[in-house]
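Colleague: Can you build the whole structure from these sequences, using the hints too?
2 protein chains.
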Amino acid sequence: MNGYSTATYRVFDEQADFEKKALGIAVGLTVGSWTELPETTKRRMEKHLGQVVSIDVHEPDSSGGDERYADITIAYPDINFSRDLPALLVTAFGKLSMDGKIKLLDLQPSGEFLSAFPGPKFGAKGVRALLGVHDRPLVMSIFKSVIGYDLEGLREQFLQQALGGVDLIKDDEILFENPLSPLEKRVNVCQEAAKQARETTGQQLIYFTNLTGPTFKLRDNAKRAIDAGANGLLFNVLAYGFDALAELAADPEIRVPIAAHPAMAGAVYPSPYHGIAAPLLLGKLMRIAGADLSLFPSPYGSVVMPKEENLAVRDSLLNDKLPQAPVFPVPSAGIHPGLVPLILHDFGPEVVVNAGGGVHGHPGGAAAGGQAFRQAVDAVRSGVSLEAYAETHPELRSAIQRWGVRTS
Amino acid sequence: MNGYSTATYRVFDEQADFEKKALGIAVGLTVGSWTELPETTKRRMEKHLGQVVSIDVHEPDSSGGDERYADITIAYPDINFSRDLPALLVTAFGKLSMDGKIKLLDLQPSGEFLSAFPGPKFGAKGVRALLGVHDRPLVMSIFKSVIGYDLEGLREQFLQQALGGVDLIKDDEILFENPLSPLEKRVNVCQEAAKQARETTGQQLIYFTNLTGPTFKLRDNAKRAIDAGANGLLFNVLAYGFDALAELAADPEIRVPIAAHPAMAGAVYPSPYHGIAAPLLLGKLMRIAGADLSLFPSPYGSVVMPKEENLAVRDSLLNDKLPQAPVFPVPSAGIHPGLVPLILHDFGPEVVVNAGGGVHGHPGGAAAGGQAFRQAVDAVRSGVSLEAYAETHPELRSAIQRWGVRTS
Numbered sequence: 000m001n002g003y004s005t006a007t008y009r010v011f012d013e014q015a016d017f018e019k020k021a022l023g024i025a026v027g028l029t030v031g032s033w034t035e036l037p038e039t040t041k042r043r044m045e046k047h048l049g050q051v052v053s054i055d056v057h058e059p060d061s062s063g064g065d066e067r068y069a070d071i072t073i074a075y076p077d078i079n080f081s082r083d084l085p086a087l088l089v090t091a092f093g094k095l096s097m098d099g100k101i102k103l104l105d106l107q108p109s110g111e112f113l114s115a116f117p118g119p120k121f122g123a124k125g126v127r128a129l130l131g132v133h134d135r136p137l138v139m140s141i142f143k144s145v146i147g148y149d150l151e152g153l154r155e156q157f158l159q160q161a162l163g164g165v166d167l168i169k170d171d172e173i174l175f176e177n178p179l180s181p182l183e184k185r186v187n188v189c190q191e192a193a194k195q196a197r198e199t200t201g202q203q204l205i206y207f208t209n210l211t212g213p214t215f216k217l218r219d220n221a222k223r224a225i226d227a228g229a230n231g232l233l234f235n236v237l238a239y240g241f242d243a244l245a246e247l248a249a250d251p252e253i254r255v256p257i258a259a260h261p262a263m264a265g266a267v268y269p270s271p272y273h274g275i276a277a278p279l280l281l282g283k284l285m286r287i288a289g290a291d292l293s294l295f296p297s298p299y300g301s302v303v304m305p306k307e308e309n310l311a312v313r314d315s316l317l318n319d320k321l322p323q324a325p326v327f328p329v330p331s332a333g334i335h336p337g338l339v340p341l342i343l344h345d346f347g348p349e350v351v352v353n354a355g356g357g358v359h360g361h362p363g364g365a366a367a368g369g370q371a372f373r374q375a376v377d378a379v380r381s382g383v384s385l386e387a388y389a390e391t392h393p394e395l396r397s398a399i400q401r402w403g404v405r406t407s
Numbered sequence: 000m001n002g003y004s005t006a007t008y009r010v011f012d013e014q015a016d017f018e019k020k021a022l023g024i025a026v027g028l029t030v031g032s033w034t035e036l037p038e039t040t041k042r043r044m045e046k047h048l049g050q051v052v053s054i055d056v057h058e059p060d061s062s063g064g065d066e067r068y069a070d071i072t073i074a075y076p077d078i079n080f081s082r083d084l085p086a087l088l089v090t091a092f093g094k095l096s097m098d099g100k101i102k103l104l105d106l107q108p109s110g111e112f113l114s115a116f117p118g119p120k121f122g123a124k125g126v127r128a129l130l131g132v133h134d135r136p137l138v139m140s141i142f143k144s145v146i147g148y149d150l151e152g153l154r155e156q157f158l159q160q161a162l163g164g165v166d167l168i169k170d171d172e173i174l175f176e177n178p179l180s181p182l183e184k185r186v187n188v189c190q191e192a193a194k195q196a197r198e199t200t201g202q203q204l205i206y207f208t209n210l211t212g213p214t215f216k217l218r219d220n221a222k223r224a225i226d227a228g229a230n231g232l233l234f235n236v237l238a239y240g241f242d243a244l245a246e247l248a249a250d251p252e253i254r255v256p257i258a259a260h261p262a263m264a265g266a267v268y269p270s271p272y273h274g275i276a277a278p279l280l281l282g283k284l285m286r287i288a289g290a291d292l293s294l295f296p297s298p299y300g301s302v303v304m305p306k307e308e309n310l311a312v313r314d315s316l317l318n319d320k321l322p323q324a325p326v327f328p329v330p331s332a333g334i335h336p337g338l339v340p341l342i343l344h345d346f347g348p349e350v351v352v353n354a355g356g357g358v359h360g361h362p363g364g365a366a367a368g369g370q371a372f373r374q375a376v377d378a379v380r381s382g383v384s385l386e387a388y389a390e391t392h393p394e395l396r397s398a399i400q401r402w403g404v405r406t407s
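So the sequences go chain by chain: A and B.
Quick note on numbering: numbering that gives the first Met the number 0 labels position 368 of the first sequence as 367, and the sequence is numbered without any gaps.
Quick note on numbering: numbering that gives the first Met the number 0 labels position 30 of the second sequence as 29, and the sequence is numbered without any gaps.
Please keep in mind that the hints were generated in silico from the structure rather than gathered at the bench.
We treat Cβ as the ideally placed atom computed from N, Cα and C, and that holds for glycine.
Check each hint, because a few of them may be wrong.
[Unchecked claim] Beta-carbon label-pair distances, calculated as ranges:
1) B:T406 x A:K320: 52 to 58 angstroms
2) A:P178 x B:R405: 54 to 60 angstroms
3) A:Q14 x B:E35: 52 to 58 angstroms
4) B:G27 x A:L113: 34 to 40 angstroms
5) A:E35 x B:P181: 25 to 31 angstroms
6) A:D219 x B:R197: 40 to 46 angstroms
[Unchecked claim] To spell it out: a stretch of chain A is covered by chain B in this simulated footprint if at least three of its residues, at any positions, have a beta carbon under 8 angstroms from a beta carbon of chain B; those stretches are:
7) 42 to 48
8) 92 to 99
9) 143 to 149
10) 260 to 274
Modeller: Pasting the structure below:
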């Protein structure tokens, strides 16, 4: 529907009249009342009235093993809200979020609404271009906790990771502004270490510095980091709202890719009955707002998201249904080199293989850890099993001895 | 513990070793690893290490009717994070939010952390002072949906509400910047109407204008509204993050009270297994961040929060456990005059009686609706039953005929 943005909800209710419920949403979240309005008012208000698009009722089977719910899609007139994500979210899931068992499954903003969002400045393709890597999945390494580290310690850890040949290194999301490793100095020493590693590896490297601090200083902090040499930013989007990301991504002076961290997302997506579905929260909304990479819990580790949900997040980031550029999916947590074939099988080639413990916990250290990941990627690309490839690649061999190979 | 901020979680797990789990959190979310560190490193890192404060395991009873969980309290060294709410939240419930069935029940920031937050500029007491009302609960009226209204329609609706003698009028939270009623003009006509009503009522009135738009323009928009005459702001805190509220509240140029709207809170608080508990989300965090009033779903209406949870939110807003000024609780949704005795019984005198339909749906119109609420409040204060008071107060009588009186 032209000029309307739609929202799809899953509403659980044992006995509700879902038609009535849907109408109540369409009217209640737009013009407030309808049937009792005079005809002249109706004519004036019609363009502001929400519309019920569809209602799919799921009746429980006779065994009583599941629950009664309906997937309800409502179209909200674009004329009712401004062109920012808080306005869309508050319209579609503000008050309604508190109305019983209801989960926001999806938003389909109108083309007109979407046209207000330039989206990722780089996206998956642009990040590849920055690195000059077009023919393989990327490898990212996460700083092992560096709270309490001084600049020298930080530098050394960065260097070891960089020497392993990873493409991307990201700060720990809980590293905030602090006297031991303040933002600009942190960027300095890490970029120095990157340069030093480049002499050995010959590779480009993006370092995602954690962008933190008060909301209204985020833009300044981003520019300070960039002026100091940062070539990437990590951002805890959900702690600041999607609009902060959208404004940072749209800022012409912030000319570096932004990696969206899912910190706090677990407060929102996991319940079947409440919150916002992961493919929307960590997929579509991140993409509209302009993340270049989006991290989310992998289906392999201890912090788990079911695989279907993971692949739906991936699809939201990469599909061709949005005008915003595709975003690199970064399934994270529990990743070791022995998982690389499975990750590439599940996610395809447009993925970032991201590891913390799987790099730092390598028996040969972080540099060997990075190398093992790169070797695992090369093995898959060559169509060789990890075990076979490991015969001539000792770093991969050690990794496999340590963590094994998981094929499903 | 001095220099530590604590977080309490409810962790559900059928078989976990909760001691191990708690230690894993305390180490994992701070220094990353501990037991394997060399002694010299330990000495250096000790001040950054999280501490397990307590573990209360709840074993299910033999009937199997409930679940196994533990309430775990962890102390995080203040030295690890900066003095802003995103840093505290990402530290305590960033990655951890995604780690299975875990709900953040409470945060107890250290005195040092709290000292960075001036809190509400007015609070309940300051709002009373602005109004000159010290001896009764306040009455707030919510605009009935005014999407699609022009300035004249808006003005008329405001006037009718104001004539009813309410103390506070708030915008609908889904009224965004729009060509029919742009921010400054909206403030103008509403304040004109307020002035006109004052000639009849003799009362002060605060109009909470909805503060919306891009995050980095919020401060400017707030000042534009204030320059145009706004004497209150409504803010959808969760769409922008707690820090935006904290910065607005701390801004010396924003010299009007801020009412925090709970839009989107239902994505976060209702699940027992995930998210952030309502007393923290809509109580303590709103207070630390500096809301002067906090709206939350009442236990009386269709949008329901259980009464114990409601009263815990109230307690978080009003108790004497924080340096920040107490905040007016505003239980909302489903409120009509016949509920006033119950509300005052449940919430005590420091409460805002807030109604939309209960004002606008009055058979005599919105002005009569406001009067009925004021009469209901007067009846309770005089120790007279609503029914008896209604004998000499026709507006209250009509309200009771329409909605009845609910005593429990």
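Colleague: Looking only at beta-carbon atoms, does the pair A:P178, B:R405 fall within the given range of 54 to 60 angstroms?
Modeller: Cβ of A:P178 to Cβ of B:R405: about 57 angstroms, so the range 54 to 60 angstroms holds.
Colleague: Just tell me: holds or violated, for the beta carbon distance of A:D219 and B:R197 against 40 to 46 angstroms?
Modeller: Holds: the Cβ-Cβ distance is about 43 angstroms, inside 40 to 46 angstroms.
Colleague: May I ask you to test the hint 34 to 40 angstroms on the CB atoms belonging to B:G27 and A:L113?
Modeller: Taking Cβ atoms as reference, B:G27 and A:L113 lie about 39 angstroms apart, which means the hint holds.
Colleague: Verify the coverage statement for the region 92 to 99 of chain A against chain B, using a C-beta to C-beta distance below 8 angstroms and requiring 3 or more qualifying residues.
Modeller: Since 8 is at least three, the answer is holds.
Colleague: Range hint 52 to 58 angstroms: satisfied by the CB atoms of A:Q14 and B:E35?
Modeller: This hint holds: roughly 57 angstroms between Cβ atoms.
Colleague: Checking C-beta pairs, does the region 143 to 149 of chain A have three or more residues closer than 8 angstroms to chain B?
Modeller: With 4 residues closer than 8 angstroms to chain B, the region 143 to 149 of chain A meets the three-residue bar; holds.
Colleague: Honestly, do A:E35 and B:P181 meet the 25 to 31 angstroms range at C-beta?
Modeller: holds (28 angstroms)
Colleague: Honestly, do B:T406 and A:K320 meet the 52 to 58 angstroms range at C-beta?
Modeller: Holds - the Cβ-Cβ distance for B:T406 and A:K320, about 54 angstroms, lies within 52 to 58 angstroms.
Colleague: When I compare C-beta atoms, does the region 260 to 274 of chain A have three or more residues closer than 8 angstroms to chain B?
Modeller: Answer holds; 13 residues pass the 8 angstroms Cβ test.
Colleague: Can you tell me if the region 42 to 48 of chain A counts as covered by chain B, using C-beta to C-beta distances under 8 angstroms and a minimum of three residues?
Modeller: holds (count 4)
When each numbered hint is compared with the structure, no violation occurs for any of them.
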